[in-house]
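Participant: In case you want the letters, here they are:
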Amino acid sequence: MYGLGIVKGLTTTLRHFFETYLDDLRWLGKGRYGTPQGIQHRSSKNVRGLFTIQYPEEKIPVPEEFRYIPFLIHEEGANGEQQDRCTACGICAKVCPPQCIWIVRTTDSATGRPVPAPAEFYIDIDICMNCGLCAEYCPFDAIKMDHDYEIASYDRRQAHIFDKQRLSRPVSYYAAIRPSNYASEEEARKEKEARKAKAQAAA
Amino acid sequence: MTSTPATTLEQEIEARLGDALAHETRPGYTGYRVEAARLIEAARTLRDDFHYDYLSCVTGVDQLPEGKLEVVYHLFRTRGGGALVLHTLLPRDDPHLPSLVSLFPGAELQEREAYDMYGIRFDGHPDLRRILMWEGFAGWPMRKDWKEAFYEQEGKPFDARWPGGRARRSEDQNPFGSNVEYPPGFTLEGWVPEGEDALYASFGRIEPGGNGSGLRTDRMLINLGPQHPSTHGIFRMVAVLEGETIIDIKPVVGYLHRNHEKIGERNTFLMNMPFTDRLDYINSLSNNFGYALAVEKLMGIRPPERAEYIRIIMAELGRISNHLWFIGFLLNDLGAYFTPALYAIQDRELILDLFEAITGSRMMCNYFRFGGVARDFPEGTLQRIRELVEERLPRKIDELDGFLSGSEILRGRAIGVGVLPPDRAIAYAAAGPVLRASGVAYDVRRAEPYGIYDRFDFNVAVRTHGDVYDRYLIRLDEMRESLKILHQALRDIPAGEIQTGKAMYQVRVPAGESYARVDGPKGELGFYVVSNGKPNPWRYHVRPPSFISLTPLGEMCRGQKIADAVVILGSIDITLGEVDR
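Here the protein sequences come in this chain order: E and S. Once you know that position 85 of the first sequence is 87 in the numbering used here, the rest is easy, because the numbers rise by one and skip nothing. Once you know that position 21 of the second sequence is 42 in the numbering used here, the rest is easy, because the numbers rise by one and skip nothing.
Worth flagging that the hints you see were computed from the coordinates, not collected in a lab. For every residue, glycine included, the Cβ atom is placed at its ideal position computed from N, Cα and C. Heads up, some of the hints might be wrong.
To spell it out: a stretch of chain E is covered by chain S in this simulated footprint if at least three of its residues, at any positions, have a beta carbon under 8 angstroms from a beta carbon of chain S; those stretches are [to be verified]: (1) 130-138; (2) 188-198.
Straight line, CA to CA, 20 angstroms or less: simulated SDA-like cross-link-like pairs of lysine to any residue [as the list claims (entries may be wrong)]: (3) E:LYS166 - S:ARG445; (4) E:LYS10 - S:TYR358; (5) S:LYS271 - S:GLU33; (6) E:LYS10 - S:GLY433; (7) S:LYS177 - E:PRO100; (8) E:LYS10 - S:ASP422.
Between the sequences and the hints, there should be enough to build the whole structure, so can you do that?
Facilitator: So this is what it looks like as structure tokens:
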């Protein structure tokens with residue numbers, strides 16, 4: 003019969019329509035909207051009905067690997083002093099595809115020799131493509147990709163070149179947003195140090 | 022694939038064409054060198070007597086140190102097998118050679134591109150105009166001696182970043198207005214765009230027609246786009262109409278052009294990886310795949326087992342997400358405004374969430390590395406893929422099938438519309454689903470398997486009518502075949518390393534040329550890379566399937582109604598990021 007295909011299609015539409023309300027009813031009082039478990043449900047394989055996350059009232063928790071604009075890590079001393087992990091080796095600047103990283107090395111004022119620390123560190127976030135290669139190839143785990151994607155600003159001329167101060171975050175921040183990456187790196191570091199100590203003891 | 026061993030085929034070719042073809046002797050190069058004067062003859066014999074009927078890729082190379090320009094042709098047989106490469110070297114001051122459009126109409130847009138980028142003239146080309154650049158552009162941008170207005174250095178990394186360290190905003194380096202060069206004697210004041218005239222003139226004289234009913238009708242010329250909701254981006258179709266019937270149609274592209282290839286030649290090999298994401302931004306993973314293969318071929322490395330499986334899983338998930346997107350937006354083009362699209366992209370959303378968890382980004386995945394992948398699957402993601410592949414995706418494909426395939430409106434609008442017969446599809450070098458919907462069972466995964474596709478049991482989806490409806494159905498078929506591959510890959514994926522050797526930010530790529538192709542969701546996506554042993558590729562060329570599949574647009578649209586042009590364009594499945602590059 004002509005039109006049967008359309009009728010069959012419309013039943014799909016109708017099913018979607020009802021599923022929207024059925025799922026709402028099923029979740030009645032359990033917080034389908036505005037709660038972490040509701041958001042998780044709406045981005046899981048079990049979701050029926052509406053997928054929509056009501057941004058900015060609701061936000062999807064970003065996965066650990068999510069990458070956005072790099073940041074620099076500094077270690078915090080007991081007295082609150084900051085020690086940059088970065089040694090100004092320049093690998094991130096060399097691997098950066100859009101070439102948005104500028105590094106000025108520190109030079110010893112007495113000898114004029116370069117010191118392994120950045121005097122200045124800039125990232126032009128207008129052209130950063132969030133590829134994450136800098137974080138991937140940094141041998142000192144000093145530059146990592148951030149999770150903070152809400153960085154809109156009113157003044158692009160001034161605000162869009164991030165300097166060292168703007169980029170720098172404590173290592174605790176890194177451990178908080180990327181716990182498993184942090185744990186595996188710490189493990190590798192400890193292993194390396196143990197091997198070094200062993201080699202020294204042997205020698 | 023062929024009944025005769027490859028050596029005898031080679032011998033046969035050399036016996037027939039020995040005086041026209043000379044073995045390519047440059048180290049790392051393959052194929053033959055052919056004089057411009059003998060090109061047509063060689064190509065015709067190869068096509069007619071040796072079944073090299075698929076001219077996949079035509080591109081220019083600037084061999085500046087030798088003072089030559091080169092044109093490289095990659096020919097394939099649709100019965101399967103590897104490439105036959107032809108090289109033609111031309112003088113730089115007056116580069117011209119015969120056009121192959123009469124033999125392989127699929128070369129039309131590619132030859133125009135080579136003309137646009139290198140200034141190589143193809144004699145006998147029916148419509149040799151600039152294609153990606155505008156007609157008032159001065160110079161040939163892909164030549165090595167052409168430099169952009171914000172030129173800093175021949176190759177990255179730039180010294181100004183490190184150890185120089187002078188922070189400047191990129192915008193200040195490229196100030197608006199002074200980045201344009203005009204030809205000598207050109208003034209913008211009172212400029213009449215001659216290119217438009219040339220475009221309209223390329224249709225020939227538009228005669229007043231008649232539709233046979235005795236009514237006197239006028240033919241008219243109509244522009245669809247560049248801003249038009251049906252074009253999935255900034256894309257223009259110029260149509261000659263008689264009433265509602267299309268007499269001829271031509272695509273006008275280049276509005277999104279950013280000279281990806283020039284950027285690619287300034288980049289180091291690794292830097293190009295995230296740039297390939299931006300080609301066909303719906304399928305960054307298959308772009309990564311093709312590029313990684315091309316460079317790995319030159320380097321002579323293979324990824325470890327686990328990485329091979331990860332690649333297949335990611336590429337096939339990408340195919341499903343592309344086809345869901347395609348079906349949704351084809352229905353949009355048909356006027357079923359956003360209901361099917363939203364149903365289709367619900368499950369695409371779940372796939373993208375997975376991509377985000379694995380690669381760090383939903384669409385700009387930047388996941389493949391030379392000899393491996395960037396990182397292993399994080400904990401739990403493999404399970405999530407399994408659940409998706411086993412539970413949700415088959416259900417979604419069946420739902421879309423039931424929802425749409427039987428609909429009389431879809432059938433009425435799509436069956437018999439935009440027919441491309443198989444022989445024409447091959448001649449036009451149409452790729453992927455467009456080719457296979459025309460009844461040509463040609464799938465690179467089968468014809469010249471890459472990665473570990475030779476281990477999986479799947480069918481090459483084929484439909485025979487070559488109309489819009491078959492191009493819709495074949496996407497459903499392909500998604501089902503992808504699920505088959507995913508099932509097997511998820512079953513067999515081993516544990517182990519994901520990177521061969523140490524991951525290096527500066528890879529050493531031996532001198533030579535390589536062409537690697539993958540069967541992306543939009544068709545055969547090829548990367549032609551020439552290395553001269555330096556950190557940056559000497560030549561980096563993309564064979565964009567959706568660009569080349571636009572070549573037969575005119576043929577598919579002729580005689581159809583103007584409203585169908587939108588649907589036919591939709592059924593090719595283009596992404597402007599890839600068309601314009």
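Participant: So which of the earlier hints does this model not fit?
Facilitator: Per hint list: 2, 3 and 5 violated.
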